[in-house]
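Visitor: One letter stands for each residue in the lines below.
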Amino acid sequence: MILVFIEHKNCVLNRSSLEAVAAAQSVGKDLGLKVQAVVLCDKDCSVAQEVAGYDLEKVIIAKNEKLNIYTPDAYADAWSEVIKATNPQYVVMAHTYQVRDFAPKVAARFGREVVGDCIRYRAEGGKLVLTRRMFLGKLDADVTIGGEPPYFITFQSGAFRGDNAEKGSAQVETMEVAVGDVRMMPEEPFQEAKASVDLTKSETIVAIGRGIKSQENIALAQQLADALGADLAASRPICDSDWLPIDRQIGSSGQTVAPKLYIALGISGAIQHTVGMKNSGTIVAINKDAEAPIFDIADYGIVGDLFEAVPVLIDEIKKVKG
Amino acid sequence: MKIIVLMKQVANKDAVLRISGDEKWINEADVALQTNESDGYALEEALRLKEAKGDGEVVVCSLGPQSSKTVIKDALARGADRAIHIVVDNSSKLSPYQIASAIADAIKDENPNLIFAGLQSDDASYGQTGVILAELMGIPHATIVIEVDRSSLNGNLRVKRELESGWYQWFTYQLPALLTIQSGISQIRYASLKGIMAAKKKEIRDVAPVVAEFTSAQKIEKVYLPLKTKQTQMLGGGDARKGAAELVERLKTEVRVI
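Taken in sequence, the protein lines are chains A and B. So for the first sequence, our numbering puts the first residue at 1; every next one is plus one. So for the second sequence, our numbering puts the first residue at 1001; every next one is plus one.
These aren't lab readings, by the way, just hints derived from the structure by calculation. Each hint should be verified, as a subset may be incorrect.
As the list claims (entries may be wrong) - From the structure, some residues in chain A lie toward chain B, with a derived Cβ separation under 10 Å:
#1 Cys-11
#2 Ala-107
#3 Arg-112
#4 Ala-123
Said to hold, decoys possible - As a list, the in silico DSSO-like pairs of lysine-lysine whose alpha-carbon atoms are at most 30 Å apart:
#5 A:Lys-43 / B:Lys-1219
#6 B:Lys-1194 / B:Lys-1073
#7 B:Lys-1073 / A:Lys-29
#8 B:Lys-1219 / A:Lys-66
#9 B:Lys-1194 / A:Lys-288
#10 A:Lys-29 / B:Lys-1230
#11 A:Lys-318 / B:Lys-1242
#12 B:Lys-1160 / A:Lys-321
#13 B:Lys-1073 / A:Lys-127
Small disclaimer: the values here were computed from a predicted structure and weren't measured. Here a beta-carbon is modelled for each residue, glycine too, at the ideal position from N, C-alpha and C.
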């Protein structure tokens, strides 16, 4: 049996959990295993009913008053109880920030580790060969897991499509779980200075990365954005250096966008950035490094100096637009 | 206040990587090596916390081959007080649980108030060594910490965690605790000449690790270049200006976005 983790905040489903459901269903089919979903909550969570609409053996609400808000201690205790009670062969989760926080702790408690951030898998002789990105996206690795179950696996955002999760009808079951001492006190989550720029609605985005080299050079990227009628965005290092405000950041810790045209200037294409833009209609990459992973997802690539390419781009675009 | 900082030596961000003969790692002899990015931020935050507190000790701990001494010496030059080097030649063959176990064993007599680590390594990117270590040591942890409230330090520590999509959350932790630090938490200092001189007198303790057999390890079977999911048209043939002109033509005629 496979357990799949359903993440939620205040009983609002995290959509990445549907990707995890699709992943678990797929693994289940290949290995002949049933799938059960697990929701952690302090009440009869409405998310459980929502997930019960998928093709699952059942949905378990692991219930304890200390699960009213996320803490790694409470989540690890609750998960340990569920695993002990149900004896799964696999535990499948989406590789979210919350999962990254507690899943290795749960696995370690069972003398296991997590095969994390997988992008695909194949079944070989009744076991899984999982593929992970390494070296900042420059290389892939096929990985096997030794020893006995349970095996812990997380899948990267976008590795499976949530709308491919098969519909069905599952029973919802409540399991009271014991939670011990919680050694951290959470405050309410908050958004830092509400994003004043909503890049999710942009049709065209010009994004800059470390290759822009200095804050002064941003003016050049801005000129290109102006010529295209585009919004300017950036990868994390640019916002960390305060060269652009944080509400211009694209990627796992920033905004997720899908414009018609995305031009990446001097962006290497680390996973943390590409998860936020890989669904763009047309992706253009300009980078000095021919092996930069951004070229793997680009429709058009220019290997070379962006400071040579961009002025020509601006001139030519102005000519076309008249 | 004693803070242990876990630091790892990894391939340089911009290095061109060659896959090793056994196809299970890269050829590290080929590439420039550097301190893992987020580990550098972990050290910086530890130094700032010690300075804010006015006393204490920052101990660097690195697991890896002798070449990791470069990372250790650089950390000592920036202000760490001493170092523990868990000497392992083939650290790429170790799984995160084995690494965490070896570290737990090497620091078992240290009794630190805090352990800092980078949030993940830029090579294997397991992203869990710190969390497993905390569990093995029986202490609480927080991952992806983007701010530490240095004024909160009275047996408790208030830290800001980064969540997804621009959300954040503060947590207060009982000490001892382990934090994994996000890149960009603060500006990293340079080593001063005085720091470099002082580092020469600082203690580096080499430890031969206890690496236990671990049957549940994840095993890298094969490393390879990512399969392309898209057909990428490369433009300009190495000439960036020519590529730019060709690109505008394509955007006009093929993509029709301008």
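Visitor: All hints, please: hold or fail.
Guide: Now for the hints, and whether the structure bears them out:
1. Cys-11: Interface hint status for Cys-11 of chain A: violated (17 Å vs cutoff 10 Å).
2. Ala-107: holds, 8 Å
3. Arg-112: holds, 5 Å
4. Ala-123: This interface hint is violated because 14 Å lies over the 10 Å limit.
5. A:Lys-43 / B:Lys-1219: Between Lys-43 of chain A and Lys-1219 of chain B the Cα gap is close to 40 Å, so the pair fails against 30 Å, i.e. violated.
6. B:Lys-1194 / B:Lys-1073: holds, 13 Å
7. B:Lys-1073 / A:Lys-29: violated, 52 Å
8. B:Lys-1219 / A:Lys-66: Given pair Lys-1219 of chain B, Lys-66 of chain A is violated - Cα atoms ~36 Å apart, limit 30 Å.
9. B:Lys-1194 / A:Lys-288: Violated, at about 37 Å.
10. A:Lys-29 / B:Lys-1230: holds, 28 Å
11. A:Lys-318 / B:Lys-1242: holds, 16 Å
12. B:Lys-1160 / A:Lys-321: violated, 47 Å
13. B:Lys-1073 / A:Lys-127: violated, 44 Å
Hint check: violations occur at hints 1, 4, 5, 7, 8, 9, 12 and 13; the rest are consistent with the structure.
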